[in-house]
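Keeping their order, the protein sequence lines are chains A and B. Take 1 as the starting number for the first sequence in full-length UniProt numbering and just add one per residue. Take 1 as the starting number for the second sequence in full-length UniProt numbering and just add one per residue.
If you are wondering where the hints come from, they were derived from the structure by calculation, not from laboratory data. One or more of the hints may lead you astray.
[To be verified] A short, non-exhaustive set of chain A residues, derived as facing chain B with CB atoms under 8 Å:
id, residue
1, Pro64
2, Phe70
3, Pro84
4, Leu87
5, Val152
6, Lys156
7, Ile163
8, Ile164
9, Val175
10, Asn178
11, Ala179
12, Tyr187
13, Val190
14, Phe195
15, Trp199
[Claimed, not checked] Simulated coverage check for chain B against chain A, where a stretch passes if three residues somewhere in it have a Cβ under 8 Å from a Cβ of chain A:
id, segment
16, 60-72
17, 80-89
18, 156-163
19, 170-183
20, 187-200
Built from N, CA and C at the ideal position, the CB exists for glycine as well.
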Amino acid sequence: MIEFTIWDILRNLLLATRWTIALSLVSFIGGGLVGLVLLFSRISRRKWLRALAKYYIELFQGTPLLMQLFIAFFGFGLFGIDVPAWLAAVLALILWSAAFLGEIWRGCVEAIAKGQWEASASLGMGRLQQMRYVILPQAMRIAVPPTVGFSVQVIKGTALTSIIGFVELSKAGTVVTNATFQPFTVYGLVALIYFALCWPLSKSSQILERKLNVAHRNH
Amino acid sequence: MNYQFEFGWLFEYYPQIVKGIGITIQLIAVGAVAGISLGIVCAWVRALGPAWLRPVVATYVELIRNTPFLIQLFFIFFGLPSLGVQLSELQAANLAMIVNLGAYSSEIIRAGIQATPRGQFEAGASLAMTPFETFRHVVLIPSLERIWPALSSQVVIVMLGSAVVSQIAAEDLTFAANFIQSRTFRAFEAYMISTAVYLLLAILLRQMLGMVGWLIFPRRSAR
């Protein structure tokens with residue numbers, strides 16, 4: 001039997017971590033773009049658009065991410081569309097994170113005082129101009145901490161893509177466990193790598209939040 | 001696109017689905033009660049407890065909050081046996097949910113405790129209550145009342161996260177969906193149905209937690 005050192009295990013896990021990072025980045029950016037569309041639909045003047053975005057968000061927040069991944073992976077295959085694991089993973093993660101980001105950002109936009117809308121309207125600004133010059137610059141400041149905080153959820157969410165066969169950190173953990181018979185060490189290391197990715201983000205989200213609060217107190 | 005949707009055959013498998021729903025409900029019931037209790041203890045330690053215990057609890061909370069539930073589950077189910085702790089699938093799933101919700105809820109509850117005005121603690125002390133008595137009789141319930149909506153959301157999130165326990169062969173709703181899928185190759189129907197059931201469960205759970213909040217915190221609802 002081959003002996004595996006801790007370094008062998010760690011090196012293999014770190015190689016797979018690249019995929020976790022890549023998948024997280026793509027999902028976060030893609031989710032952000034779709035989330036923007038949701039945000040604008042959610043605060044749109046058209047009632048049907050608001051309702052549509054609301055149902056979308058409720059559907060994706062009210063069902064397990066794992067099920068969304070399964071439907072993306074197995075579901076489309078039945079229509080004769082061959083979906084590789086990475087594509088299903090990216091698709092499901094983007095749609096899922098969009099629901100959360102859209103809702104987080106809506107909260108931030110709605111936190112802006114009504115008077116700001118009225119003031120900018122009284123300056124003869126159109127809806128888009130109001131958003132562009134008055135509301136968004138202020139909302140973005142509030143939005144930074146929860147958005148950074150949510151990126152942690154995205155990283156943790158990518159772990160589920162191992163279940164549909166995408167080889168990232170979690171899947172590598174399972175594979176390495178099967179080769180080494182050291183589940184305690186391997187899953188312990190996997191957890192530590194996730195922690196090393198997520199904790200700095202959590203921490204900076206907290207720090208940003210505190211900074212923002214201080215800024216508010218000085219007003 | 002020539003795929004024909006068929007749902008009729010699902011009735012044949014309803015015992016699996018019902019069993020899966022039962023286990024998912026059991027998981028969340030145990031997880032919510034034990035997890036929130038653990039969260040209350042941890043929140044007390046972090047906000048008011050003995051100084052030497054605080055870093056221990058803080059480490060637990062940060063470790064759980066920054067690692068995926070799936071890995072926590074694998075660590076408990078596959079990893080702990082090396083320490084001589086052998087758990088069944090269901091025990092491991094329950095433990096993972098308790099540990100997970102314990103960490104998240106402790107952060108939420110701590111926020112509630114910290115939002116309690118200092119005067120409440122002073123008032124308790126002036127009635128000759130020990131800090132622990134003050135916490136139990138004066139601070140805890142209003143704190144929980146303040147953060148109940150956030151706590152409810154977290155319970156729903158953990159319930160949806162429980163779909164993952166099928167990966168250690170705990171026979172929850174997702175396990176039933178996988179079982180049906182592997183027997184019939186009708187993946188789309190199997191997962192659509194179970195997704196719909198999850199959505200229903202999430203809505204019902206939210207309603208129920210709202211009711212529970214209304215029952216334990218009559219003061220606010222009376223206002």
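Hint check results:
At a threshold of 8 Å, the smallest CB-CB gap from Pro64 (chain A) to chain B is about 4 Å, leaving the interface hint in force. Taking 8 Å as the C-beta cut-off, the interface hint given for Phe70 (chain A) holds, the closest approach to chain B being about 5 Å. The interface hint given for Pro84 (chain A) is violated, since its Cβ lies 16 Å from the closest Cβ of chain B, which is over the 8 Å cut-off. Taking 8 Å as the C-beta cut-off, the interface hint given for Leu87 (chain A) is violated, the closest approach to chain B being about 16 Å.
Hint status for Val152 (chain A) relative to chain B: holds, with the closest Cβ pair at about 7 Å, below 8 Å. At about 4 Å, the closest approach between the beta carbon of Lys156 (chain A) and any beta carbon in chain B falls short of 8 Å, and the interface hint on this residue holds. Interface hint at Ile163 (chain A): satisfied, since its Cβ lies 6 Å from the closest Cβ of chain B, which is below the 8 Å cut-off. Nearest Cβ of chain B to the Cβ of Ile164 (chain A): about 11 Å, over the 8 Å cut. The hint is violated.
At its closest, the beta carbon of Val175 (chain A) sits 12 Å from a beta carbon of chain B; the interface hint therefore is violated under the 8 Å criterion. The restraint placing Asn178 (chain A) at the interface with chain B is violated, with a minimum CB-CB distance near 10 Å, outside the 8 Å limit. Taking 8 Å as the C-beta contact cut-off toward chain B, the hint placing Ala179 (chain A) at the interface is violated, the least distance being around 14 Å. A distance limit of 8 Å between C-beta atoms decides the matter here; for Tyr187 (chain A) the minimum to chain B is near 4 Å, and the interface restraint holds.
A distance limit of 8 Å between C-beta atoms decides the matter here; for Val190 (chain A) the minimum to chain B is near 5 Å, and the interface restraint holds. Look at Phe195 (chain A): its Cβ gets to within about 5 Å of chain B, closer than 8 Å, so that hint holds up. The criterion of a C-beta within 8 Å of any C-beta in chain B is met by Trp199 (chain A), whose closest approach is roughly 5 Å, and the hint holds. Interface restraint, the segment 60-72 of chain B with chain A: holds (10 residues with C-beta to C-beta distance below 8 Å; minimum three).
A stretch counts as covered by a chain when three or more of its residues have a beta carbon under 8 Å from one of that chain; for the segment 80-89 of chain B and chain A the count is 4, and the coverage holds. Counting residues of the segment 156-163 of chain B whose CB falls under 8 Å from any CB of chain A gives 5; the rule of at least 3 is met. Three residues within the 8 Å Cβ limit are the bar, and the segment 170-183 of chain B against chain A gives 3, so the coverage statement holds. Evaluation of the coverage hint for the segment 187-200 of chain B: fulfilled, as 8 residues show C-beta separations to chain A shorter than 8 Å, against a requirement of three.
In summary, the structure is inconsistent with hints 3, 4, 8, 9, 10, 11 from the numbered list given earlier, while agreeing with the others.
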